[in-house]
Structures are given as C-alpha cells and as structure tokens.
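J.: Chain by chain, the residues run as shown.
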Amino acid sequence: MHCRRLLKSTIAFGTILAVLVFATIIAVPPYSSYAIPAFSRLYGTSCTTCHLDFPKLNDFGKAFKDAGFKFPKDDESFLKAPPIMLGAPAQAELWPHTVYPGVIPGLLPVGLRYNTYFQKVSANRDNFNLVLAPGTIGTFIPKTDFQPGYFSIFSAGNFGSDIAFWVDDDISVAGANVNGSLGDGYLRFHNLSRLIKLPKDSLTLRVGQFEVELPVSQARTWNLSGWDIFSQANIGVQNGLTPVQNVNNTFALEDVVEGVEFSGGHLTRGYHYSVAIVDQNTSGTMVSPPNIDPQNGVAFYSDANFKDIYARFVYRFNLEKDPVSRADVQAAGPTGPHDHTYISFGTLYYYGRSVQRQTGVLSDGVTPSVLTAREPFYRVGGDINFNYRTLNLFGMYLVGHDENLLPFTPTGAGGPTGFVAGPAATFSGGFIEADYLALPWIMAIMRWDQVKSTADRVNFIEYNPASPPPSSFFSPYSATRNRFTPGIQFLIHANIKTSFEYQFRPQQIVYNPATGVPITKAFRTNTAVLGLEFAY
Amino acid sequence: MKSNTLIAITAMAALTGMAHGGTIHGKVSGVSGESVVYVEAVASKTFPAPSQQVTMDQKGLMFVPHILAVQQGTTVQFLNSDSVAHNVFWISISGNKKLGHNLGTWPKGQKQAFKFDNPGVVPLLCNVHPEMAGYIIVSPTPYFAETDRSGEYKIENVPDGAYTVTAWHEGAKNKSNPVNVAGDTTADFTLSK
Chain S
1 MHCRRLLKST IAFGTILAVL VFATIIAVPP YSSYAIPAFS RLYGTSCTTC HLDFPKLNDF
61 GKAFKDAGFK FPKDDESFLK APPIMLGAPA QAELWPHTVY PGVIPGLLPV GLRYNTYFQK
121 VSANRDNFNL VLAPGTIGTF IPKTDFQPGY FSIFSAGNFG SDIAFWVDDD ISVAGANVNG
181 SLGDGYLRFH NLSRLIKLPK DSLTLRVGQF EVELPVSQAR TWNLSGWDIF SQANIGVQNG
241 LTPVQNVNNT FALEDVVEGV EFSGGHLTRG YHYSVAIVDQ NTSGTMVSPP NIDPQNGVAF
301 YSDANFKDIY ARFVYRFNLE KDPVSRADVQ AAGPTGPHDH TYISFGTLYY YGRSVQRQTG
361 VLSDGVTPSV LTAREPFYRV GGDINFNYRT LNLFGMYLVG HDENLLPFTP TGAGGPTGFV
421 AGPAATFSGG FIEADYLALP WIMAIMRWDQ VKSTADRVNF IEYNPASPPP SSFFSPYSAT
481 RNRFTPGIQF LIHANIKTSF EYQFRPQQIV YNPATGVPIT KAFRTNTAVL GLEFAY
Chain R
1 MKSNTLIAIT AMAALTGMAH GGTIHGKVSG VSGESVVYVE AVASKTFPAP SQQVTMDQKG
61 LMFVPHILAV QQGTTVQFLN SDSVAHNVFW ISISGNKKLG HNLGTWPKGQ KQAFKFDNPG
121 VVPLLCNVHP EMAGYIIVSP TPYFAETDRS GEYKIENVPD GAYTVTAWHE GAKNKSNPVN
181 VAGDTTADFT LSK
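Sequence lines, in order, name chains S and R.
With this note's numbering, letter number 127 in the first sequence gets 127, and the count goes up by one each step, no holes.
With this note's numbering, letter number 121 in the second sequence gets 121, and the count goes up by one each step, no holes.
Read the hints as simulated data drawn from the structure, not as lab findings.
None of the values given here were measured: they were computed from a predicted structure.
Please note that the accuracy of each hint is not assured.
Below are the DSSO-like pairs computed for lysine-lysine, each with C-alpha atoms no more than 27 Å apart in a straight line [unchecked claim]:
{"no.": "1", "chain 1": "S", "residue 1": "K73", "chain 2": "R", "residue 2": "K59"}
{"no.": "2", "chain 1": "R", "residue 1": "K154", "chain 2": "R", "residue 2": "K173"}
{"no.": "3", "chain 1": "R", "residue 1": "K59", "chain 2": "S", "residue 2": "K62"}
{"no.": "4", "chain 1": "S", "residue 1": "K65", "chain 2": "R", "residue 2": "K59"}
{"no.": "5", "chain 1": "S", "residue 1": "K73", "chain 2": "S", "residue 2": "K197"}
{"no.": "6", "chain 1": "R", "residue 1": "K45", "chain 2": "R", "residue 2": "K98"}
{"no.": "7", "chain 1": "R", "residue 1": "K59", "chain 2": "R", "residue 2": "K45"}
{"no.": "8", "chain 1": "R", "residue 1": "K108", "chain 2": "S", "residue 2": "K62"}
{"no.": "9", "chain 1": "R", "residue 1": "K193", "chain 2": "S", "residue 2": "K321"}
{"no.": "10", "chain 1": "R", "residue 1": "K154", "chain 2": "S", "residue 2": "K80"}
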C-alpha cells in the first residue's frame with residue numbers, strides 16, 4: 001500500500017523488479033494495522049467490544065463496520081458524547097428546499113497509532129555476500145535491529161445517517177517524517193437499497209481510495225507480516241538467458257485502489273458481496289499530463305481509460321445450535337459471549353489490463369512510434385473461514401494469470417511493429433492460518449504461506465553481473481516459496497499489544513552469477529520479529 | 001443462665017424498640033461522589049428478608065445504578081436494556097472468592113434474578129464489555145443509606161443502641177466506627193484511597 005507511489009514512478013525496470021521482490025517477499029515489513037480508539041471515546045467502551053486482538057474484528061466489530069461504523073441497533077443510546085446537530089431533523093421535511101440535516105460527532109473521532117520493532121536474522125544472512133569479489137562492500141544485514149514502524153493518524157465514523165467515512169494516513173514510516181501516504185480514504189453510503197425497494201443492507205456504495213474487500217484485510221492485518229500472496233506481483237520472466245516474457249504487472253491485491261464499490265449483505269451472516277470498479281494502475285508508468293498541475297490537487301495516476309474490476313462473494317453459515325444465538329450479532333452462552341461458530345466460503349476475481357509501452361516503429365518498418373500492449377490479467381481465488389468459539393481457521397488459494405504479448409519485429413523492420421501472444425505469466429499460492437485465543441489477551445498464531453512463481457525463481461538464478469539488482473538478498477531455491485510463521489500476541493492493555501513471530505523463511509540459494517552454478521546449499525534466513533504497538 | 005437471659009431480653013427490647021427509632025446522619029468525606037453507609041450485623045438479631053425485589057439495569061453499556069445498596073436476602077433482578085448482549089458476573093463478595101458467580105449472558109429485554117444471602121460488597125462485571133463496572137452493597141441490616149454527591153446521608157428508624165457503622169466508597173478503604181444511637185445521632189466518616 002505504502003509503496004504505491006514509488007511503483008508508479010518511472011524508475012528502471014530492473015530496479016523495480018529487485019526492489020519489489022525484495023520489499024514484498026524478503027523484507028516482509030511489519031504491516032500497519034488500525035484499531036479505532038475514537039470509537040472507544042464516543043461510545044465509552046473498550047477496544048475489546050469490537051476487537052478480539054486488535055485490529056482483528058470480532059463478530060460485533062464486523063457488524064459495527066457493516067452498519068457504517070455505528071452500533072447495529074439503537075446507536076444513539078450508546079453514544080456518550082452527544083452529536084452536534086447540523087440541522088434540525090424536521091428540516092428534512094423541506095428537502096430539497098433546505099440542506100438535509102445531519103450531525104457530526106460530539107468528539108472528534110481521531111486516533112493515533114505507533115509501533116516499533118526488534119528483529120533478529122539468522123546467520124545465513126551473510127551467504128549473499130559470497131558472490132562478491134574480495135574488497136567489495138556488500139549488503140550489510142545486521143544480526144539484530146531495532147526498527148521504528150508507523151506513526152499513523154486515522155479517523156472514521158458516520159454522519160448520523162447511513163453515510164460513513166474512513167481516512168487513515170501514515171504520518172511517518174520507519175522514523176522518516178512524512179514518508180507515508182494515504183491508506184484508505186472514502187465515503188460509504190450505506191443501505192442505498194432502501195431507495196430502490198431492495199432488501200435492507202443489500203446495496204452500499206463506497207467512493208474513494210480503499211483496499212478491495214479481501215478475505216482478510218492486508219492493510220489491517222493483526223500479524224506482524226502480511227500474507228505473501230496478497231503482496232505478490234506478476235513480473236514475468238526477465239532473465240535474458242531464457243525466453244523472456246513481456247509482463248511487468250506490479251499490481252498486488254494488497255494495493256489500495258481508487259474507484260467505486262458496490263457491496264451488500266453482512267459480514268456476520270449470510271451473503272456478502274463486493275463489486276468494485278477501479279482505476280487501472282498496473283504498468284508502473286505514472287501519467288500526470290503536463291497541462292495539469294498536481295499542486296492544484298488534481299493529478300492522474302492511472303494510465304488508461306480502462307477500469308479494472310474486482311468482485312467478491314462470500315457466504316457464511318452460522319452454526320450455533322441455539323436459534324437465538326445464531327441470529328444474534330454476537331453469539332452468547334452461559335459462560336459469556338463468543339464469536340459464532342461458523343463456516344464461510346468465498347471467492348474473488350480481479351480482472352484488469354496491464355499496459356506495456358515501448359519504442360517501436362509503424363508498419364512501414366521505419367517511422368518511430370510508441371507501441372502499447374494492453375495485457376489482460378486476472379486473479380481468481382477461493383477462501384474458507386471456520387470459527388469454533390476461540391479457534392479460527394482460515395485460508396485461501398489464489399491464481400494469477402497475465403497475458404503475455406511479446407514485441408514482434410518483422411524481418412527488415414527497424415524495430416517492433418506490434419505484439420504476438422507468448423506463454424502467459426502465472427503464479428499461484430495462498431495461505432492457511434490458525435488463530436487461537438487462549439485468553440482474551442493472548443492469541444497464538446500458526447501460519448503457512450506459499451507462493452509459486454517460476455518467474456520469480458528464474459529471474460534471480462542468474463542475473464546479469466553487469467547490472468545486478470541492488471540487493472542479492474533474494475534467490476529462491478525453487479519456484480515454490482513456503483513460509484511458516486508461528487507467533488503469539490499479548491494485549492498488555494486493550495490498546496497496547498506486543499507481538500512475536502518467527503518466520504521460517506523460504507528456502508534460498510546463492511548462485512555464481514558468472515556460471516550459474518550454486519555455491520551454497522539451500523538455506524533459510526529465518527527471522528524473529530518482536531513488535532510493540534499502541535493505539536491512542 | 002439467668003443473667004444471660006436477662007441480657008438477651010434487654011438487648012432485644014432495645015433493638016426492637018422501633019417506635020423509639022433514632023436517626024444516624026452525617027457526612028462521608030475524603031472522597032467524592034456517592035458512598036454507602038450501613039449498620040453492621042447485630043449479634044443475635046436477624047432481620048426478615050425484604051419481599052420487594054430491586055433492579056440493576058444494564059443500559060448504554062453501563063450498570064444503572066452504578067451503586068446499589070440492598071439488604072441481605074434481597075433478590076436483585078438484572079435487566080439488560082441494551083440492544084447488545086450483556087453478561088453479569090462477580091469474582092467475589094468482599095474478597096471471598098467462594099462467593100463468586102457468573103449469571104450468564106442474555107439479550108435485550110431479558111433479566112436474571114439473584115438472591116444475595118451473603119452480606120458484603122459485590123463488584124459487578126460484564127465479560128462482554130470490560131469497561132463496565134457496578135457495585136451492589138449487601139447490608140446485613142435494614143439500616144443503610146446511600147450518600148448524595150456531597151457525601152451527606154441519613155439512616156432512619158434505627159433503634160437506640162450501640163452499633164458498628166461502616167462506610168464504603170468505590171476504590172477507598174472501608175471504615176467502621178462504633179456509634180451509640182440515641183435519637184438523632186451524628187456519625188461522620190473520613191475515607192481514604
């Protein structure tokens with residue numbers, strides 16, 4: 001999400017490739033996450049009303065989100081700070097002859113968040129310097145490292161009606177001021193279905209910048225590291241020693257998108273769907289026309305008229321035996337409340353077009369021209385989520401597929417004049433995770449991530465020594481990268497959390513760049529990460 | 001035996017002289033907000049449990065009232081007036097964990113009853129909403145009162161005699177003082193955290 005702007009710049013392709021892979025696969029930076037203390041203030045209630053282990057939502061939190069960041073029923077009776085009226089309700093009778101009445105929260109719904117980390121990398125980290133000539137300064141990877149994380153500000157709420165909003169922004173990242181960016185920023189018009197006589201909550205409109213409705217939110221993950229499959233781009237084979245693919249799709253599902261989303265249903269029961277139409281941002285080419293001054297607040301980051309489409313559908317079966325509990329927002333029994341015992345099945349589909357532009361010639365074989373390949377791509381996946389009281393098992397499988405249009409140069413032409421279809425660039429993978437809430441303040445986590453990408457492996461087996469990527473800290477042993485990540489999290493307070501995870505990294509190997517011969521056995525650079533964060 | 005009988009008769013005569021009941025009044029200081037003042041158990045004197053039930057509500061994610069004083073033997077109805085589920089439990093009564101109890105969880109409009117047969121301080125909690133807290137002060141005698149915000153209180157119809165009177169305040173140390181009631185009697189308390 002935060003490297004989005006970077007990816008839109010026109011830096012050299014090799015640098016993009018290396019930085020992208022390095023950042024998303026190996027560095028596995030701690031992810032940002034959000035809980036909303038502003039809601040605690042407004043309602044005078046604990047974070048644990050909505051969160052199991054912030055920012056992971058419990059069923060009530062999901063219902064709160066579903067309702068437009070308010071209590072599903074009788075919201076006004078829970079507000080501890082009375083809202084400020086922006087017009088008497090009776091004004092509504094005069095509409096459209098007056099401004100429709102609304103409210104703003106009695107307390108400014110703003111929250112702050114900060115986190116910091118300590119990590120320790122295993123001794124194998126030095127293996128990557130084996131390829132360097134004596135006397136060469138290599139990439140230094142410290143054994144241990146303290147690392148400041150994100151300092152973020154965020155706000156969310158509703159306008160006393162069915163209009164909700166959310167804005168979050170990272171003010172500082174890794175100790176560098178104003179190095180972050182806008183995360184999500186949107187308005188959400190809930191329950192539009194009532195205007196067209198559809199069932200309640202069956203149609204909601206969201207407008208702005210947002211993360212698409214993933215099976216689990218990468219932007220608001222409770223893990224220290226994100227799920228690998230959501231950060232997987234599809235670059236295609238670029239190693240000149242093998243047939244090269246003309247695919248450079250930097251899009252990853254974790255990216256925020258700009259557009260509109262239609263959704264409906266509930267996250268706590270029955271169906272829920274999301275259909276989003278968003279800007280295409282897939283070529284790494286930022287387009288901001290010279291006649292538009294970005295300082296005026298308008299800039300174009302999309303590079304085509306085509307819009308990408310995202311669709312998701314999930315159906316959840318609540319399995320509580322007691323009919324009353326089954327229908328309630330949060331299941332309850334004699335020993336207290338708990339999330340419903342449930343199982344849900346979901347699917348997602350993303351369709352877009354990745355634009356590749358390059359210098360070529362017209363069909364006369366002489367006249368210079370810019371050739372544009374619009375390569376269709378899709379991501380399709382399925383997911384399952386099972387919850388039994390305090391045990392939550394979930395996972396997903398995803399396939400990525402990019403059409404590959406190779407430049408075609410006719411005999412005698414001074415450059416390519418068009419494109420022909422080549423073998424598609426594909427990847428696949430997913431994850432399985434088990435979260436066990438041993439106590440309300442202790443959650444144990446076991447996770448397995450897998451990404452299978454032949455291109456990722458080929459690209460780093462034998463790169464060009466004359467133009468190496470900025471870091472050699474990545475060299476997958478095989479096309480399949482597995483990562484096991486056990487972890488445990490403690491709530492020191494409801495809004496202070498310490499997290500630990502041990503990342504059994506994907507197997508790696510170091511090749512001699514000149515010969516392509518392996519000079520190490522397969523090894524892993526495992527990492528232990530300890531995080532501390534608070535929301536205020 | 002004969003002297004014991006005389007003492008008992010004298011004590012009972014003193015305690016049952018309701019027609020000549022006095023009043024204990026005063027002020028609880030050193031703390032702010034409502035407190036509860038009650039007469040401790042009287043030796044060899046029992047009081048019938050009140051037949052009237054009282055209600056402790058859960059409304060707006062709060063126990064309402066925050067503090068409820070009842071006589072030993074009173075049945076309290078725990079009502080949920082919120083549109084979210086609430087739970088009621090207490091881990092002890094005056095520190096005695098054997099008296100801890102979990103009433104369960106129930107939705108809006110429903111209530112659960114519990115008869116408090118043991119005197120003491122019952123710290124109420126809700127395991128759905130950890131910020132919620134309330135107190136039931138179970139007085140061993142019918143002689144108790146809640147103070148106003150300024151700490152003033154008045155306990156009426158207390159028979160003349162010698163008693164131990166205790167003042168309780170949330171988060172403060174209890175204080176018990178001997179009080180000889182003879183008509184209109186003053187008993188002030190100074191509590192500290």
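J.: For R:K154 and R:K173, compute the direct alpha-carbon distance and say whether it is at most 27 Å.
T.: The hint holds at about 21 Å.
J.: Decide if the proposed pair is consistent with the structure: S:K73 and R:K59, CA atoms, cutoff 27 Å inclusive.
T.: holds (13 Å)
J.: Given the hint that R:K193 pairs with S:K321, test it: the Cα-Cα distance must not exceed 27 Å.
T.: violated (48 Å)
J.: Check whether the Cα positions of R:K108 and S:K62 lie no farther apart than 27 Å.
T.: holds (20 Å)
J.: Given the hinted pair R:K59 and S:K62, is their Cα-Cα distance within 27 Å?
T.: holds (22 Å)
J.: Does S:K73 pair with S:K197 here, judged by a C-alpha cut-off of 27 Å?
T.: Distance of about 21 Å is within 27 Å: holds.
J.: For the pair supplied as a hint, R:K45 and R:K98, is the alpha-carbon distance within the 27 Å limit?
T.: Between R:K45 and R:K98 the Cα gap is close to 25 Å, so the pair holds against 27 Å.
J.: Given the proposed pairing of R:K59 with R:K45, does the C-alpha separation stay at or below 27 Å?
T.: At roughly 38 Å apart (the allowed maximum being 27 Å), R:K45 and R:K59 break the hint.
J.: Is S:K65 within 27 Å of R:K59, Cα to Cα?
T.: With a Cα-Cα distance of about 22 Å, the restraint between S:K65 and R:K59 holds, given a limit of 27 Å.
J.: Given the proposed pairing of R:K154 with S:K80, does the C-alpha separation stay at or below 27 Å?
T.: violated (32 Å)
Consistency note: the structure conflicts with the earlier hints numbered 7, 9, 10.
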